[in-house]
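Trainee: So the chains spell out like this:
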Amino acid sequence: MKAVTKAYRPISWPTKGSGGDTGSWRAHRPVVDHKLCTKCQFCWVYCPEAVIDRKEITIDYQYCKGCGVCAVECPTGAISMVKEED
Amino acid sequence: MATSIKKLPDNEQVLSGNGACGGCPATMALRMVGKALGPNAIMLLTPACAVASMGMTPRLGYNWPCINITFASAGSSASGISHALEIMKEKGRLQGELPTVFSWVGDGGTYDIGFQALSAAAERNENIIHFCYNNEAYSNTGVQRSGATPRGSFTTTTPTGKSQPKKNMALLMLEHNIPYVATATVAYPGDLYDKVVKAKSMRGTKYIEILAPCYLGWQFDMAETVQLSRMAVRSGAWLLWEAENGRISFNNPTAQIISGKKAPEPVDEYLLKQGRFSHLLKGPDARERIAAIQSDIDREIAFMRERAKIVI
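Sequence lines, in order, name chains P and A. No gaps in the numbering here: position 1 of the first sequence is -5 in the working numbering, and each next residue is one more. No gaps in the numbering here: position 219 of the second sequence is 879 in the working numbering, and each next residue is one more.
The set of hints was computed from the structure by calculation and includes no laboratory data. Treat the hints with caution; some may be incorrect.
Computed from the model, here is a short list of chain P residues facing chain A with C-beta under 7 Å [claimed, not checked]: (1) P42; (2) E43; (3) V45.
All residues carry an ideal CB built from backbone N, CA and C; glycine is no exception.
Let's have the full structure, built from the sequences with the hints guiding it.
Mentor: Pasting the structure below:
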């Protein structure tokens, strides 16, 4: 009998990117201006995708869907939405 | 005081790159729920957006054991699992703290289709947490009317606006005499976190309802998800309260509205930001239709104010 490895069982395992590279859905890219950022973590708490690093306030563009919630919620206006080029 | 953002724990139970829409309020709320519950939990999902958000086999977007169940069975399946865990512990097949059993269900699986099983589970006071993320329509199947849809709202099955008000599901659950009932929304993550922590520490059926403004169903710009959620609370269209053992207490900013310290904002701005209410502006009776929605909200505020005074 063929050995059944973890990958062939009909069970899903928690993995990042279960919907694919969701960054390709993005029309606008959030860009953080670190000079204005006060690290209040509002963007981190409201990000539905958990792509914002809490300490450094950097964004994982591989998975960010570009919803723009972070840019609207940022109290200092440090995040701006820039149109994707391609 | 609600827990401040900087004190929230680091663990992430919702993984990046899941199948949810950008700006999805359900995953936004589930992240906060995950922080409060921790990894030791079992998640049950009825057909809803949350199932579609899990992603594609063999990958899973949530960092918990997940069970997909039928639409009507959130209450009964959760009861069964919670019983099974207790028996396993009794027989010595499970060590340590028992996992929290919780269902993550939309408003369809709570208000309409799942109500019977949920009501029965609450009456038996099973040891479960039932979360209802309420986007006020069947958004997963293309926005149909549900019991949570407010008066005047456009859905594909109510093209000229729903003519009935929504029902107060959280209060219905309170009347089942369960130990904990709460309402929350995504704009107040600290408040939501505290409520889930409190629910986790209690035994018996706990019900938490989370208002989730769905940009697709409500027809607004997806970046304004949190803004809409905040406006709903400030206008009184959504009330933040919790009830421990039948005693209702209100949370800010709803507490200020209920006590009369602050008047609720007029509902117009909240309504007109949403495309689903845009037909309210058309026709000669536009003012009256907005007034009907305002009177629904005023009635709910007045009713909850009086209901909270009953402490027996």
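Trainee: Against this structure, judge whether each hint is valid.
Mentor: So, going through the hints one by one against the coordinates:
1. P42: holds, 4 Å
2. E43: Result: holds, 5 Å to nearest chain A Cβ.
3. V45: Hint on P/V45: holds, closest Cβ of chain A at ~5 Å, below 7 Å.
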